[in-house]
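With the hints as your guide, set chain R onto chain B.
Number of protein chains: 2
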Amino acid sequence: MIRIYLAGPDVFLPDPLKVAQEKKDICLKYGFEGIFPLDNQLNFKGLSKQQIGLLISKSNEDLIKTCQIIVANITPFRGPSLDVGTAFEIGYGRALGLSIYAYSNVAENFITRNRKYFNLIFPKTDRDVNNMSFENFDMIDNLMIDGAMSGKIIITSVPENEKYTNLVGFEECIKNICG
Amino acid sequence: MIRIYLAGPDVFLPDPLKVAQEKKDICLKYGFEGIFPLDNQLNFKGLSKQQIGLLISKSNEDLIKTCQIIVANITPFRGPSLDVGTAFEIGYGRALGLSIYAYSNVAENFITRNRKYFNLIFPKTDRDVNNMSFENFDMIDNLMIDGAMSGKIIITSVPENEKYTNLVGFEECIKNICG
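Taken in order, these protein sequences are the chains called B and R.
So the first sequence is numbered by this note's numbering: it starts at 1 and just counts up by one.
So the second sequence is numbered by this note's numbering: it starts at 1 and just counts up by one.
Pulled out of the complex, with its shape left as it was, chain B reads as follows (with noise of 0.2 Å):
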């Protein structure tokens, strides 16, 4: 079976288990098998916290290398881009040769949220407080992330506090590697 690697920041939920089984559930559905971060079993015992941090990295990238397809959720994370170890993650597979897919739960485009977040202390300006640049080019963020993409990035509206729960968009996302 084709194994779609679960890319996003849902491991930070309350209940990660929870969204990664919804996911798994989604992609068995579509003839698929999803793999969450968290499904290798780890042994933390006797670790310091930065051993245990390098396991889970070290286990990761194991992970995607079993996989052919990362499906990433880069739904705009603790500022207006994704998460960082799920753009890490993407531009890792990515060089494996591996499709990536991705939705976002989040319409707006990135120069739109840059904009938008960042006149909080400048309003009006397309640079930030250190004078650096915004990028501008119609996409959903980064031109690294937009542009390692297999297929169109999925983007879908929902309610405020299902921004990282709500899997509507992801399961488009799925669908859409079928064809």
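For the record, the hints were derived by calculation from the structure and aren't laboratory data.
Treat the hints with caution; some may be incorrect.
[To be verified] Chain B stretches covered by chain R per the calculated footprint, using a threshold of three residues with CB under 8 Å from any CB of chain R: (1) 51 to 57; (2) 71 to 80; (3) 93 to 105; (4) 141 to 154.
Values in this document were obtained by computation on a predicted structure and should not be read as measured data.
The C-beta atom is built at its ideal place from N, Cα and C for all residues, glycine as well.
Okay, now just chain R, sitting in the frame of chain B:
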């Protein structure tokens, strides 16, 4: 000559070619060739914004493939974490087997920055406004970033207005590659 891809949000500076040249000069001083994301001459004539973005993305991926090392500026950018384009490139280079080094011009570690950043919303909590957890692995940034490193991340405290231009940590980073 060993080629180093110079990843970072430096491309968003008011004069990116200035810092590009400074970094290339430092690389040369230690026997390396520095490669900056804007080095390829691209022809944007007649292209839409999106097409331009995709061309830059492809060009950056191609440049990384010609390098043996990435030195990434992982100074927090528009949020508590590094620039997402840089995170992508670290992942991309890592999967290709490049050696990855990084520096940051902000001294606080990841959990401290997250707490500080999100204390603006909810004081004294280790979860954000969406009840999502912070990583706490004594690391500089997301564990996928720290986990990708071939050497110690160089941390330098610099004045706020030099956060994206000070190259003391960058030079230290290049020096460390030599052993």
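Does the structure break any of the earlier hints, and which numbers would those be? none
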